[in-house]
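Chains as they are written, first to last, in numbering that gives the first Met the number 0: chain A, 0 to 138; chain B, 0 to 138; chain C, 0 to 138; chain D, 0 to 138.
These are calculated hints, taken from the structure and not from any lab test.
Treat the hints loosely; a few may be bogus.
To be verified - If we take Cβ atoms under 10 angstroms as the criterion, some of the chain D residues that face chain B in the derived model are:
#1 11
#2 68
#3 75
Said to hold, decoys possible - Some chain A residues flagged as far from chain D (calculated, every beta-carbon gap over 12 angstroms):
#4 7
#5 14
#6 87
#7 96
#8 123
#9 132
The beta-carbon is built from N, C-alpha and C at its ideal position, and this holds for glycine as well.
There are 4 protein chains.
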Amino acid sequence: MPAAAELRVRYAETDQMGIVYHANYIVWMEIGRVEACRCHGVSYAEMEADGFFLAVLGVEGNYHAPARYDDIVRIETMVSSLQSRMMEFSYAMYRASNNELLFTGKTKHMFLNEERRPTRLSEKYRAVLAAAYAADHPA
Amino acid sequence: MPAAAELRVRYAETDQMGIVYHANYIVWMEIGRVEACRCHGVSYAEMEADGFFLAVLGVEGNYHAPARYDDIVRIETMVSSLQSRMMEFSYAMYRASNNELLFTGKTKHMFLNEERRPTRLSEKYRAVLAAAYAADHPA
Amino acid sequence: MPAAAELRVRYAETDQMGIVYHANYIVWMEIGRVEACRCHGVSYAEMEADGFFLAVLGVEGNYHAPARYDDIVRIETMVSSLQSRMMEFSYAMYRASNNELLFTGKTKHMFLNEERRPTRLSEKYRAVLAAAYAADHPA
Amino acid sequence: MPAAAELRVRYAETDQMGIVYHANYIVWMEIGRVEACRCHGVSYAEMEADGFFLAVLGVEGNYHAPARYDDIVRIETMVSSLQSRMMEFSYAMYRASNNELLFTGKTKHMFLNEERRPTRLSEKYRAVLAAAYAADHPA
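Based on the provided sequences and hints, a complete structural model is requested.
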């Protein structure tokens with residue numbers, strides 16, 4: 000079961016086509032994964048304070064229907080892959096009012112240490128993300 | 000030969016990791032394709048005024064090295080596919096000072112009319128984009 | 000009593016100084032006034048659908064302490080002036096965790112019609128905003 | 000004579016009113032002052048590397064006419080006040096195609112050191128900013 004977060008579309012996020020500008024969904028994926036981590040017990044702010052950074056290696060997104068100003072968007076986020084130095088999240092976004100699918104996407108990340116070099120997570124964070132992965136992939 | 004555009008990284012585009020926030024490259028791809036169109040003789044602003052909209056269907060991006068505040072970034076853009084109702088652009092971004100590759104990406108688009116329904120481009124625009132495609136794909 | 004809204008600081012909103020980039024507070028004022036209107040019974044999205052636009056004539060802001068990534072920010076918004084064709088909102092923003100004052104600001108607006116010309120609000124909207132003004136300014 | 004910078008309006012900077020979203024002018028003021036510093040011989044990136052930060056204490060802006068997508072905007076920036084620990088810039092923005100005034104604004108700054116505490120600039124930077132102030136305020 001994916002972790003869910005909600006946000007309301009800001010006027011600043013629209014463009015002159017009258018819909019949400021496409022790059023904002025990339026920002027929204029960040030909100031999705033941070034809330035997914037939080038809901039599994041990991042604060043990303045704390046993770047950075049502990050010296051672990053989640054660098055973005057890749058993003059991809061597909062646009063199914065446009066979000067509009069003032070819509071409430073529900074973001075469902077899953078841990079789709081977890082390796083020793085990398086992980087992936089996948090996302091689906093819906094218009095909350097009618098459950099219409101708006102966007103699907105993925106992001107790929109590498110764990111970095113304070114010197115911004117590839118590293119392994121400490122056991123504390125690793126265990127939580129592994130539990131999140133397991134929750135999203137029942138046997 | 001791809002069309003090239005340059006921009007200077009804004010302070011607003013950095014994040015607390017001390018590098019450019021990853022969603023900005025998605026905005027920069029837009030700048031790349033608009034300048035690519037302009038350099039082939041198509042103003043996107045005019046194209047919208049003529050009732051053609053280039054809706055974004057998909058984006059993907061890979062991050063090779065981080066851009067930093069005040070860097071000059073060179074964006075090279077190519078028309079990588081041109082069909083009757085859709086097209087794709089591909090992009091490579093470099094730090095101008097040392098030609099380091101920062102980012103590669105693609106965007107996929109559908110042509111929409113003023114009612115925001117799929118449409119074919121008028122001959123005027125089609126011819127120019129076809130020439131751009133041909134220039135990027137010499138026989 | 001001012002209307003209150005809350006938001007959580009996004010990673011995208013930080014800059015390389017390690018704090019929230021200052022222009023984001025201007026976006027947050029927009030969120031504050033939209034939520035203030037909503038909490039007084041006016042949906043700004045509906046207001047635009049009814050042909051009334053709230054153009055921004057002026058903004059000002061003073062920065063008291065920096066908001067940081069993942070902070071919850073509380074925005075208190077008041078209708079500080081209401082005239083026939085113009086209105087002003089004033090704002091105070093606090094870090095929710097410790098009630099520290101972060102930012103105070105004002106925005107000045109003109110009512111525009113669908114042709115984007117100055118207009119008076121319809122009685123429906125006027126009455127609600129007048130009630131909001133009165134609530135914020137008890138005799 | 001104020002220092003001038005130019006930028007082209009990005010699609011991302013428009014909103015559903017069909018004009019530039021108002022918070023972007025605050026970002027553009029940052030571009031204006033950085034280019035003004037550069038044109039007087041100060042790189043703000045270097046200044047930060049040397050341990051001096053220009054924190055924003057206050058902003059204000061007045062909107063005279065809307066910038067639109069693809070417009071070229073000319074930003075004229077002046078040093079309007081220079082004190083031992085603080086300074087102010089003032090800005091005027093014009094549509095380059097017809098010299099129409101779009102926006103006027105001011106920002107107020109405090110110099111901070113690496114510990115983010117108020118400080119005085121080193122003589123190197125002070126002299127350049129004083130020259131910029133003098134150039135903008137002939138006797």
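Cross-check of the supplied hints:
1. 11: This hint holds: residue 11 of chain D lies near chain B, its Cβ roughly 5 angstroms from the closest one there, short of 10 angstroms.
2. 68: 6 angstroms, holds
3. 75: 18 angstroms, violated
4. 7: Fine: 15 angstroms to the nearest Cβ keeps residue 7 of chain A off the interface.
5. 14: Nearest chain D Cβ is 5 angstroms from residue 14 of chain A, so the label is violated.
6. 87: 26 angstroms, holds
7. 96: Correct as stated: the minimum Cβ-Cβ distance to chain D is 18 angstroms, above 12 angstroms.
8. 123: 30 angstroms, holds
9. 132: 34 angstroms, holds
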